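Undergrad: As they're listed, the protein sequences go chains G and B. The end of the first sequence is residue 218 by the working numbering, with every number in the run present. The end of the second sequence is residue 248 by the working numbering, with every number in the run present.
Think of the hints as simulated: they come from the structure by calculation, not from any bench. Be aware that a few hints might be false.
Unchecked claim - Residues from chain B shown here face chain G by an in silico Cβ test under 7 Å; the list is partial:
1) MET45
2) LEU142
3) ALA172
To be verified - Which chain G residues stay away from chain B? Per the calculated CB distances, all over 12 Å, these:
4) THR177
5) TRP178
6) VAL217
From a predicted model like this one, the values you see are computed outputs, not experimental measurements. C-beta: ideal position from N, C-alpha, C; glycine also.
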Amino acid sequence: MNYTVMIAGMAVVTIFIKAVIFVLGDRVSFPPLLREALAFVPVTVLTAIIVPMVLAPHGHGLELTWRNPQLVAALAAIVVCAATRHQLLTIGVALAVFFGWQFGVL
Amino acid sequence: MARHSTRTSHFLAGARDTLPMLVGAAPFGLIFGALVSASPLALWHGQLMSLLVFAGSSQFVAVGLVAGQTGLLVIWLTTFIVNLRHVLYAATLQPHVSHLPARWRWPLGFLLTDETFAITSVYYQRHPHAPLGHWYFLGSGLAMYLNWQGWTLLGLLFGAAFPRLQTLGLDFAMVATFIAIVVPQCKRLPWLAAALAAGAVAYASRNMPYKLGLLAAVLVGIAVGIVSLHHERRRQSDAQQGERRTASKETP
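Please build the complete structure, drawing on both the sequences and the hints.
TA: Here's what the structure looks like:
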C-alpha cells in the first residue's frame, strides 16, 4: 500500500467532516431537537470511549476487581473530580494512583 | 492598538485555558509516535499524519489497521466513522463562527478536536456574543496542534529507543483526561443519565467491528439524555403551575 496516499485520503475525509458545517454555515440549519441532542454529544462520546478501557482493559471479560489498576485509578479520578472540579489535579491523582497501584500494590 | 491587544489576549486566553488538555494529550502524541516507529510506516509518515489529519483516535486506529494489513477503503471508512462526532461538535459551535469569512472557518474547522471543543464550547456558553471569540478558538486549536506535533515528534524519536513504551500503560492518561472533562458536566441529572447509558452500551457492544459500538452507545446515550431532559422540564413546569395555583388561592 502507498502510505502517503492513505494519509492524504484520511486528511481529506477528516478535514471534510470537521469543516463542512463551518463552511456551509447558514445553509445548514438544525431543528431544536437536534440542538438538544448535540448538548449530550461530548459526555456520551467520551464516556463511551473510556468505559470499555476501564472495565475490560485487556479486551476480554469484565475485570471488576481491585487488581484492575485502570478501574481503581478511574474511580479515584471520579471522586477527586466530583469533589474538587479541578482538571489538572484529577489527571495527576489518576496517573499517580494508576502507576502506584501497578508497581506498588500489585 | 487596543483592538490588536485584545485579539492577542483572547488568543492567549484560549491557549492558557487549554493547558490541562495539552498535558492530557501529551502521552497520546508520545505513544502515537512510538506506535508508528514499531509499524510498517516510515517515521516521517507518522509526522505527516499528525500534521495533515490531526485527529488522535483515528490516527491510532489507522496505525492498528496498517499493522493488520487492512485495505485502503476500510481505513478511510473507519476514519470517517471515528471522526463523525466532529460534525456534531461543529454544529454546536457553528452559530458562533457563521459570521466569519471562509478564510477563518476552514482553519477553525481543521483545528477542531475533542479538547478544543470542550474548552471553546464552555467559553461560548459563558460569552455567547463575544466578538473576538474566534481568536480564543484559534488560540486553543493552535496550542493543541503545536502540542500534538511536538509530542508526535518526541514519540517518533524515542519510540525506536524504547519500543515497549506503550506497554507501560500510558494510554490511561486518556481515561484520566476524559474523566476530568465528563464529571463536571454530569452535575445535571440528564447528562449523568446520558453518560451512564452510553457507558453501558459501549461496554456491551465493545466487540462490534469498526467502532460501530461507539456510535450505538452515543445514539442511546443521547436518546436517554433527551428523554430525561424533557421529563425534568415537565416536572419543573408542573411544580411552577402548582405553586401558582396555591398562590392564587391564598390571594384574597
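Undergrad: Each of the hints needs a verdict: does it hold here or not?
TA: Verification of the hints:
no.	hint	result
1	MET45	holds (5 Å)
2	LEU142	violated (18 Å)
3	ALA172	holds (4 Å)
4	THR177	holds (16 Å)
5	TRP178	holds (16 Å)
6	VAL217	holds (14 Å)
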